[in-house]
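Asks: Top to bottom, those sequences are chains D and W.
For the first sequence, position 21 (counting from the first letter as 1) is numbered 21 according to this note's numbering, and the numbering increases by one without interruption.
For the second sequence, position 124 (counting from the first letter as 1) is numbered 124 according to this note's numbering, and the numbering increases by one without interruption.
The hints are simulated quantities; they were obtained by calculation from the structure and are not laboratory data.
None of the hints are false.
Part of the chain W face toward chain D, derived, beta carbon under 8 Å:
no., residue
1, P145
2, I147
3, V152
4, V154
5, L242
6, A274
7, I277
8, V281
9, A282
Remember, predicted model here, so these are calculated numbers, not experimental data.
Glycine included, each C-beta is placed from N, C-alpha and C at the ideal position.
These are the residues of each chain, in order.
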Amino acid sequence: MNPWLKFVSKRLAGLVVVFFAASFLVFSLLYLAPGSPISFLLGNRSGTPEQIAAIRAQYHLDDPFLTRYAAWLGGILHGDLGQSIVYRQDVAALIGARIPTTAALVGYASVIILIVGVAIGLLAALRPGWVDATLRGGMTVALSTPPFVVGVLLILVFALSLGWFPVFGAGRGFADTVWHLTLPALALAGGGAAFLGRITRAATRGELARDHVETARARGLGESRVITRHVVRNALIPVVTVAGLTVASLVAGAVVVESVFAVDGLGSLLVRAILQRDFVVVQALVLLLVVTFIVINTIVDVIYLLVDPRIKA
Amino acid sequence: MSVISPPTGRLEAGPATRRRTPVLAVAARTGRRLGASGTVAAALLAVLVLVAAFAPVIAPFDPTAPDLANALTGPGATHWLGTDALGRDTLSRLIVGSRITLVGPILVIAVSTAAGTALALLAAYAGGRVDMVVSRVLDVLFAVPGIVFALVTVAIAGPGLPGVVIGLSIAYTPYVARVVRSAALRERALPYIDAAWVTGRSGLSICLRHLLPNLAPMIMAQAVSALGLAVVDIAAISFLGLGVQPPATDWGLMVKSGIDTALRGYPTEALAAAVLIAAFVAAITVVSDRLTEQAGELR
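Only chain D is shown next, with the shape it has when bound in the complex:
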């Protein structure tokens, strides 16, 4: 078989296995909770008989465990995520309405991470001395500051003191959304950009010291050509992997940052669902986050192979 096809199909098979294992874990969670599943699903509220009947039917509580899991999973694969106890709406609709907001936030933060991270990494590597030292210090600080702390500091400075950006909300329309999501995206991107900067700096330094760069210089190639063609191109290989993994971790980071800025996305929905004991919503969201996380990780693996053909599949 084509080694390419083999690699990709192996990855996909792994993805499917992890999906089943993770979904089984998420499903079993319900039975780890103290008390009966019914009272837990109702969040210790006394539900109407119709609600109780609906939950019994949705979770097939009268069937054996594995049948229950199969039915639940089947429902999810058909897009039926059940009914929220608190909102009395389809969970699929609740989630669907918030995907664009979270996707916009994560996408915005990814763009910031890629541009800023690679830029400061290259700058630090190519300008040794005080530029490098300053940038490295800044990266250590940014790496050590949790996103929610960055978020609060941004609110205090740019929203409350200077009033340049709105404090809360996600905005409507493209320009308004970008304006509303700028501070949240910066908070989410800070640590990732610093991490990517560190990796870019190390990789570029490593390439600069290699023989083929020396050879290119000896042949009389211009410095800018040496840097772009011989240094940066090779240095970007590890950067691509790290960038992908960083972007995957943003999915989890968004949970916290959305709550800081009261952006009504998947993350703040998850936090509210936990506080309101709306377990059906929690279950669906956790599964969605986990699936997104593993899908992005798989894509990163495949991209890595595309970027660096030397790696044997």
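Given the structure of chain D, go ahead and fit chain W onto it with the hints provided.
Replies: For chain W alone, coordinates are given in the frame of chain D:
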């Protein structure tokens, strides 16, 4: 374990070293190992541990006592960092809040390091099918980001520190296990392990008396670096209102309550708690970087 002293370092004669008190000698040795930035960071962490240990003695006011006559004041002579909406002294709350901020992450790291190391040694030493099963289980746990894991256990156990600590301990275990396993595999391939086996030592004894001590510097470096992550995760969950519950407090929760006071024009609480969290994590990062370099040099 030999320490390579820096080339500029003065060579000390044996008796001189012996005359120093043991505490000073240990401090000097640790200082040499950590370098300038590492020593400053380690000193910062030591101060923090002392403050947390003696928090009730140091705190100038009762951190939970409301004093509505002095509610919402800025920094001043009596209340150095001001008071919150209930008139509670911000500085005292920061001091007492340092205890949970410190203890929660340490618990998570202790449990996950112990569990992860045990799993890794088991997998590396037994090899074969045991190794395969352990590795596959770890792969699945890897698919769940740490903070999401903690949110799930909180959803089941209810908001509070216990759920957070349990969730993060499970979530961090695969990270420890993966790193320790690959190091243990390298160590296990060395001839002295086979030699110990030939002399009739049991597998358990080889793991505990040979593998573990040789891996200890690396496990230590790994634990300190994970400690930084645990501080961030626990503070974030407390900030979300799902961790430490009032009237108890930690710095994450104080950032959250600080936003409300900041909206009313008094940003000191949010600022102070935010800066303390960042400084704490930065200090851990610096120490962990130095320890990792050291563990690398020792191989």
